[in-house]
Amino acid sequence: MNELLLEIKNERLSFFTPAGEVKALNDVSFSMKQGEVLGIVGESGSGKSVTAYSIMGITAHPGRLIGGEIHFNGHRIDLLNEKELRKIRGNEVSIIFQDPMTSLNPVYTIGNQICEVLILHTHCSKKVARQKAVDLLTLVGINEPERRVKQYPHELSGGMRQRVMIAIALACEPKLLIADEPTTALDVTIQAQILELMMDLKKKLGMSIIMITHDLGIVSSMCEKIAVMYAGKIVEYGTIDDIFYNPCHEYTKGLLNSIPKLTEVEHEPLVPIEGTPVDMLNPPAGCPFAPRCKSCMQICLTTMPDYTYLSDDHYSACWLLQKKEFETQQEDK
Amino acid sequence: MGKLVEVQNLKQYFRVGGSLFRKQYIKAVDDVSFYIGKGETLGLVGESGCGKTTTGRALLRLYEPTGGKILYDGIDITHAKMQPYRRKMQIVFQDPYASLDPRMTVGDIVGEPLDIHKLSDSKKDRTDKIIAMLERVGLNSEHANRYPHEFSGGQRQRIGIARALAVDPEFIVCDEPISALDVSIQAQVINMFEKLQDEMGLTYLFIAHDLSVVKHISDRIGVMYLGRMVELANSYELTFHNVHPYTRSLISAIPIPDPRINRARHRIILQGDVPSPLHPPSGCNFRTRCPYATAICSEQEPEFREVGANHFAACHNLDKVPKA
Amino acid sequence: MNDRKANPLSMQLDVSDFLPASDSEKQSLVIMRDSVGFWRDGFHRLRKNNIAMISLVVIVIVLILAFIVPSFYPYDYAQQIRGSENLFPMTYSKAEQANIDSGVSVFPHFLGTDNLGRDLSIQIMMGSRISLLVGIGASAIILLIGSLYGAIAGYFGGRADLIMMRIVDMIYTVPDLLIIILLIATLRVPLTALSNNNPAFKWVNTVGVGLICIFIVFGLLYWVGMARIVRSQVLTLKEQEYVTAARALGASSSRIIRNHLLKNCIGILIVTTTLQIPAAIFTESFLSFIGLGVAAPMPSLGSLAASALGAISSFPHRLLAPSLMISMIILSLNLFGDGLRDAFDPKLKK
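Protein chains in written order, with numbering that gives the first Met the number 0: chain L, 0 to 332; chain Z, 0 to 323; chain X, 0 to 349.
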C-alpha cells in the first residue's frame, strides 16, 4: 500500500505551434500513493490538464514530451509506444472530461459505449458486457438502468451524462481515475451529487483519484493532497491543511485571499492578484509569477527558484523561503 | 431610497414549436416581481434554466415581455420606445470573447455608444472621452488601436465594462460578468465593479450562479428556480437565516474552501435532476426534489409573500423547514 | 527527492539578490505581442500560397494586356490590312515583307491575322478587356443587390425573411439563358431604333444589344446565389453577443447591418465575388460564341472562337489563341479565389 502508484520526475512538455514553442510543462515532479486523492489546482495555462493527459499519453498534437520520466503502476509511460499505451488506457487509468455533451458519441447508445470499453479490454462476450453495463449504471446511481442502457446521450441530462462518463471510466476498475474539471459545466446541486458519488466510489473500489480543477472549494472537500500549478510549474504542494492554513507561496496565498467567502459575516474587501496570466509563448525568465508577485525580489526576475521543503509533504518553489534559509545561514556564520 | 427599477408580475414565454393548435411554450420567467433601489445591488442567483439571464435581458427590453410591467424611475416602460432609456440602462455580458465585435478596434467599440447617442462634440472630444473610459477601467490609451483578440479574458471584460459606462448610465445589468474569467482575475473585476459603483453612483442587477460572489457584492439577493423567485432577502439574512428549502440546499451544495468547515458540515444533497422547463411540475415547481413536499405542493402554487422584515419566500411548508 | 534542499551558497547568491524589485522592472517582463490584424494575418497566409500567387501574377499580366497595352499597340482591332489575311503567327504578308526589306519597320503579328486581315493579338487583348469588364461589372451588380437583400432578409427574419426567400427560390428556377435569348430577341429592334434616333444612346449599337441584355439579366437573376450566402452568414452572426450588445446600446437596425453584420462578412463577400467573376466571363463568352453577345466588329473571346471554328483545320491558331486566353483568365481567377478563401476562412484560424 505504500508503494508509489504514480511518480513523475522532471517532466517537460512543449507544444510546437506555428507561432512558436509553448512550454506547457516546465520541470514538473510529484508522486501519488495508491488510494490517495490528489487535487491539481490552477488556472488556464497552468498546465494542469496537460499533466493529466501526459500520464495517459494522450497529449494532443503538436505537443511532445521533451524530458523527464513518468512511472505509472510499474510502466514507464514516456517510453511506451501507442499499442502498449492503448492496453493501459481505460484499463488501469481512466479519465473523465469536463463536457459530457461532447465526450459521449451522440450516435451510439450509452450501453454501447460502456460495452465498447469492456469488450476492448476484457474480451468478454456481448451478453456479459451488457449485464456489466447495467450493473455499472446502478453503481453510479442511475435509476431504471435497463431502460437507460438503450438511450442516446441527448436523451439524458448533464448530470446523468457525467454519471455515464464515470461508469465508462470505471468499467475496467482502473487503479487511477483522472477527473478533468468534471463538474465545471454542471449546476451546483448536481455538482454536489457527482462529487459525493465519486467519493463513494473511491471508498468502494479503493481507487486513486486525480482531481483537476480551478475551484478551491472542491479540492478542500475531496482531496488529501494538493498541487498548485502556475505556468507549467508546481509552485506549491502539500496536504489540504498545509495549503489552506499554512500556504507559503505568494500565488497560493493570493488565490486564497481573492476568493469571496460565503461564510464571511462582514464585507471584507477582496485582495486580488494584480496583473494578467502568463503568455505561454513568451514566459518571463526566472519565476513565472514574478510580474504579479507583491514580494518580488531582484533574483526572482532572473532565476527560477528551487523547491524548499517545509516538511516531508509540503514544499514550495519560492525565493522568499530560500531567503529565510540564506539569512539563517548568514547568521550562523 | 427610491425605487429605480421595478418589475411586476413579469412573464417571458418563448414559443418552441408545437402544432398550430397546441402551442408549446417555455416559461422562462413566470410571474416574477421585485424592485431595485437607487444605488443598490440586487443579486440574482439560480441554476441553469432558472430564468435569471432572461429576467435581466427582459428588463432591458431585449425581449418583448409576454406579460407584466417594467417600471424605470416610476415610468412604465413595458411598451415604450427604448432609445432614450438605452442611455440610462446598460448591460455587461458574460462572454468576453463573444460580446466584442472582432472587426472593430477597442477604441471604436468603446466609442460606438458615443456615436449612437451623439455624445461627443468633435473628433478630439470623442477620443478624449474614449481614453478617459479606458483609463477608468484600468487600461490605457495605447490599447485603443488594438483588436479584441489581442487581449486576455479579463481585459476584454474591462473593455465591455468601459463600453457600458461610456454613456454614463444609471443602471447596469451584470449578466454573469465573471464566470468566464480565471479565478485570480475575478477578484480584480469584482473590485472594479464595486469601485465604479461608489464613484459613479450606479445601481446593479448582478446575475450569477456563484452565490459566494453574489453575496459579496449584493445588498439583497433573489433566488430563482425554474422561472420563479423562491426567496428574496438581504445578503446576510439569505445566507445565514434562509427559509426556503431550495435556498437551503443550494447553499449546502456550495463547496467551501475551508477544510475544517467542510469536515464539520452537514450537506443536503438533492436527489434527481432539474425538471425540464417544457414540462414543469404542477403547483410548486420545486416539489419533485423538495424533502418537505406535501400534498398541497402539487395542487397550489405557493404565494411569494413577506415572511420577515423585507424577507420574501414562496413555500407552503415553511414551518416544516428547520431554522437555519 | 528527499535531499533536494538546495544549498544557497552554491549558487553564488548575495544579499542584493533579495532586494525587492520595482514595479517597472516587473512590467518590463510583460510585453504585449505585436498587433496582428485580421487582414495582415490573411495576406500573410495568402502570400505563402504559391498557386494563388502565380494566379495573381497571371491576372495582373492579363489586366495589363487588356487595359494598358492596347493604347500603345500599333494595330487597331477593327483595322483590316489588305493583303495580310490569314497569316500564321509571326509571319508576314508579301507586302509587309517588302516593307521590311526596304527598311520600313513592320510590327510583327504575334498571333497572326484573321480572314479579314485583322491582327489577332490586339483582338485577343480587346476581347479580354470586354470579358473582364463584363465579369467585374456583373459581379459588382451581384454583390450590391445580393448582399443587401440577403442581409435584410437574414437580419429581420420572420415573415419578411420567408417572403424574400421564396422570391429567391422562384428566381432560382428561371432558366437564365432562355431569358437572355428572349430578352435579346425582344429588345433588339427597340434598342437599335433608340440608338439610331437618339445620339445620347449611340453607344448602344457599339456595345451591342446582347451585352446590354446580359447586364440586365445579371441584375435580375444572378444575385440570388450571393443573397443566400449572405443571408446564412447573417443568420449566424446576428446570434453573436456583440450584436445583442449593439442593440442594448441603442443601435438602429441599419447601423447594426452596416457596421457589424456586413463588416464581418467581408471575407466571404470578397471570396464569393472573386469566384463570381469567372462565372460571369464564361457566360458572356458562351453567349458571344453562339452569336448573342457583343456586336461585331467589337471582338469577344467567344465570338473570335466562333468565327475560327470554320477554319479549324487550316488555321488552328485562330481557335487556339482565344480558347487558351479564356481558359487562362477563368482558371487563374478561380485559383486566386480559392486561395483567398483559404487565407481568410475564419474556421482555419485558431
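Calculated directly from the structure, the hints in this document are not laboratory data. Since we're looking at a predicted model, the values are computed, not measured. Note that the Cβ used here is the ideal one computed from N, Cα and C, for glycine as well. Treat each hint with caution, since some may be false.
[Stated by the list, open to error] Lysine to aspartate or glutamate pairs mimicking EDC-like chemistry, simulated, CA-CA at most 20 Å apart:
#1 L:K260 with Z:E175
#2 Z:K128 with Z:E63
#3 Z:K194 with L:E273
#4 L:K260 with Z:E63
#5 L:K82 with L:E115
[Unchecked claim] If you only want the chain X side, here are some residues facing chain Z, beta carbon under 7 Å, derived:
#6 F155
#7 L248
#8 H259
#9 N263
[Claimed, not checked] Computed beta-carbon distance windows for the label pairs:
#10 L:A284 with Z:S275: 42 to 50 Å
#11 X:H316 with Z:N144: 37 to 45 Å
#12 L:A59 with Z:A131: 37 to 45 Å
#13 Z:Y24 with L:M303: 35 to 43 Å
#14 X:L193 with Z:N144: 40 to 48 Å
#15 L:E145 with Z:E298: 28 to 36 Å
#16 X:I166 with Z:T293: 55 to 63 Å
Here is what the structure says about each hint:
For a cut-off of 20 Å, the pair hint linking L:K260 to Z:E175 stands: about 18 Å separates their Cα positions. Note on Z:K128 and Z:E63: the hinted pairing is violated, with a Cα-Cα distance of about 33 Å set against a maximum of 20 Å. Restraint check for Z:K194 and L:E273: the C-alpha separation of about 16 Å stays at or below 20 Å, so the hint holds. Between L:K260 and Z:E63 the CA atoms are separated by roughly 37 Å; this puts the pair beyond 20 Å, and the hint is violated.
With a CA separation close to 17 Å, the supplied pair L:K82 and L:E115 stays within the 20 Å bound. Because the beta carbon of X:F155 sits about 15 Å from the nearest beta carbon in chain Z, more than 7 Å, this interface hint is broken. Of the supplied interface hints, the one on X:L248 holds, with its beta-carbon coming within about 5 Å of a beta-carbon of chain Z, less than 7 Å. Interface hint status for X:H259: upheld, as the beta-carbon distance to the closest one in chain Z is roughly 6 Å, under 7 Å.
Satisfaction of the interface hint for X:N263 is found here, the shortest Cβ-Cβ separation to chain Z being roughly 6 Å, below the 7 Å cut-off. In this structure, L:A284 and Z:S275 break the distance hint of 42 to 50 Å, their C-beta atoms being roughly 54 Å apart. The supplied range of 37 to 45 Å is broken by X:H316 and Z:N144, whose beta-carbon atoms lie about 57 Å from each other. For L:A59 paired with Z:A131, a C-beta distance near 44 Å keeps the hint of 37 to 45 Å intact.
Evaluation of the 35 to 43 Å hint for Z:Y24 and L:M303 yields a failure: the beta carbon distance comes to about 60 Å. Under the hint 40 to 48 Å, the C-beta atoms of X:L193 and Z:N144, about 54 Å apart, miss the expected range. The hinted window of 28 to 36 Å between L:E145 and Z:E298 holds, with their beta carbons roughly 33 Å apart. At roughly 60 Å, the beta-carbon separation of X:I166 and Z:T293 lies within the given 55 to 63 Å, and the hint holds.
Hint compliance for this structure: hints 2, 4, 6, 10, 11, 13, 14 are broken, all remaining hints hold.
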